[in-house]
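> Please build the complex by placing chain B on the supplied structure of chain A, with the hints as guidance.
For the protein sequence lines, the chains are A and B, in the order given.
Numbering-wise (the numbering used here), the first sequence opens with residue 1 and increments by one.
Numbering-wise (the numbering used here), the second sequence opens with residue 1 and increments by one.
Covered stretches of chain B, going by a simulated chain A footprint (3 or more residues, C-beta under 8 Å): (1) 39-45; (2) 48-62; (3) 109-116.
Taking CB as the label site, the calculated pair distances span: (4) B/GLU109 x A/THR53: 18 to 24 Å; (5) A/ILE111 x B/GLY51: 42 to 48 Å; (6) B/SER7 x A/ARG58: 31 to 37 Å; (7) B/GLU20 x A/GLY41: 19 to 25 Å; (8) B/ARG38 x A/ALA65: 26 to 32 Å; (9) A/ILE44 x B/THR70: 25 to 31 Å; (10) B/ASN10 x A/ARG107: 19 to 25 Å; (11) B/LYS15 x A/ASN24: 35 to 41 Å; (12) A/THR66 x B/LYS17: 48 to 54 Å; (13) B/GLY71 x A/LEU13: 44 to 50 Å; (14) B/SER7 x A/TYR73: 33 to 39 Å; (15) B/ARG118 x A/LYS54: 29 to 35 Å; (16) A/SER76 x B/PRO8: 37 to 43 Å; (17) B/GLY3 x A/THR104: 23 to 29 Å.
Bear in mind the hints are in silico, worked out from the structure with no lab data behind them.
Just so you know, even glycine gets a beta-carbon here, dropped at the ideal spot from N, CA and C.
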Amino acid sequence: GIQVEQSPPDLILQEGANSTLRCNFSDSVNNLQWFHQNPWGQLINLFYIPSGTKQNGRLSATTVATERYSLLYISSSQTTDSGVYFCAVDLLSNFGNEKLTFGTGTRLTIIP
Amino acid sequence: GAGVSQSPSNKVTEKGKDVELRCDPISGHTALYWYRQRLGQGLEFLIYFQGNSAPDKSGLPSDRFSAERTGESVSTLTIQRTQQEDSAVYLCASSSNSRTHIRVSMKVETQYFGPGTRLLVL
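Chain B on its own, in the form it takes in the complex:
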């Protein structure tokens, strides 16, 4: 597609329920990122996928959060047993970062963001 797409665009759920958010990156982009934006604040990094490397999960706020990515395509972010403080906009981004050899060369490219999923936990 032309850009990063995310679904659903809005999600209202009850406290304690699980939710699954989906991201379709730009075709050919090897890197995929999830961020969270609380109301009136900047974006917080959650997790990063780069090609076939192990994902960097250092930004996940608790073990209720997990994410998967199939190859270099779709990613899903799952939040289990949702809490009211999970209410936020969840944004996905992709880029065409390339790495020729770890710690030798990395070409970092622009990150392109999707429209986000607005999650409200009641």
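In isolation and in its complexed conformation, chain A is listed as follows:
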């Protein structure tokens, strides 16, 4: 099956720092989403980005579909950015079943 790998697995940063989270996937995708799971367990949609670049405030994401990776950028980190960031993909070959396959996540801790 598809492999979705995220790196780094853990990241500890000082407040105000910038970070880049990476997601590699092993096959062509129809859908790619980035989520933030907050300390209370709620999954929050960040980006729907099967290709291209999007920005939303301090966050931006780029997916290079031909090279099978996506990057999530967080600038000027705040303590509220702490949590686990998941990349999830839906295979192009999975037509008829749009299930998301999740990576194992990057746990981000922002220290005041």
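The following block gives chain B in isolation, referenced to the frame of chain A:
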């Protein structure tokens, strides 16, 4: 409603008992998904409903797990004879996927997740 809702938010049960978890998707969303998240891990797909099509049950871990959906509204996930390894957070998601003709066109939309049901089997 404004988002996906799930109930109960927490459930503690004894091994061997049956449990029923409920999901109310976003109004108008044709697609509904159930996922499971074990402690410290990513989400695992369980089952997918799309409109009136037969559900994709390929992710259900055993025949103790089943799910139903009434039309394009509420879904229930039932776990029979619960085991301790069933302890996890069960998350529901919905999206407005649309399909014009199978294998011809599919517009895949963002999945929106509910808050989850935390199940603990003692």
